[in-house]
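K.L.:
Sequence:
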Amino acid sequence: MPAALFSEVTSVPVLGNHSILICNPFPKEFGETYRKGMVMFKFLAYYLIPLCVIAIFYLSMTWHLTLSTRNMPCELPGSDLHNEQIKARRRVYKNIFLKEFQSIKIMLCTIE
2 MPAALFSEVT SVPVLGNHSI LICNPFPKEF GETYRKGMVM FKFLAYYLIP
52 LCVIAIFYLS MTWHLTLSTR NMPCELPGSD LHNEQIKARR RVYKNIFLKE
102 FQSIKIMLCT IE
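Position one of the sequence shown corresponds to residue 2 (my numbering), numbered consecutively onward.
There may be inaccurate statements among the hints.
Distance condition first, Cα-Cα at most 27 Å in a straight line; then the derived BS3-like pairs of lysine-lysine [unchecked claim]:
id : residue 1 : residue 2
1  : Lys88     : Lys100
2  : Lys37     : Lys106
3  : Lys29     : Lys43
4  : Lys106    : Lys95
5  : Lys43     : Lys106
6  : Lys43     : Lys100
Please keep in mind that the hints were generated in silico from the structure rather than gathered at the bench.
All chains should be built: construct the whole structure from the sequences, respecting the hints.
P.N.:
Written as structure tokens, this is what we have:
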């Protein structure tokens with residue numbers, strides 16, 4: 002809402018007698034701290050906090066899959082079906098963990 006209320010439109014002269022109107026969402030009277038604060042707030046609110054929440058849920062899901070391989074109801078430990086279920090769940094666990102690691106790695110690369 003502040004961007005809609007306090008944006009300023011400036012005219013920039015271009016070749017000859019032409020000019021371009023530019024909308025600046027960071028008015029000069031608010032100072033540099035407002036500009037940096039709004040950019041940081043939007044980065045945190047729209048990118049970093051949701052990414053951390055998603056990472057927490059994915060990690061908890063992988064943790065649950067890891068723990069569920071130890072106790073599977075209606076399956077005899079040591080049977081072929083039991084071992085295949087454990088392998089399948091571990092593959093899912095590894096895929097989720099790798100995808101989450103990649104997204105965290107991408108996030109850290111964009112911050113630098």
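K.L.:
Take the hints in turn and mark each one as holding or not.
P.N.:
Comparing the hints with the structure gives:
1. Lys88 <-> Lys100: holds, 18 Å
2. Lys37 <-> Lys106: holds, 24 Å
3. Lys29 <-> Lys43: holds, 19 Å
4. Lys106 <-> Lys95: With a Cα-Cα distance of about 16 Å, the restraint between Lys106 and Lys95 holds, given a limit of 27 Å.
5. Lys43 <-> Lys106: holds, 20 Å
6. Lys43 <-> Lys100: holds, 25 Å
Hint compliance for this structure: no hint is broken.
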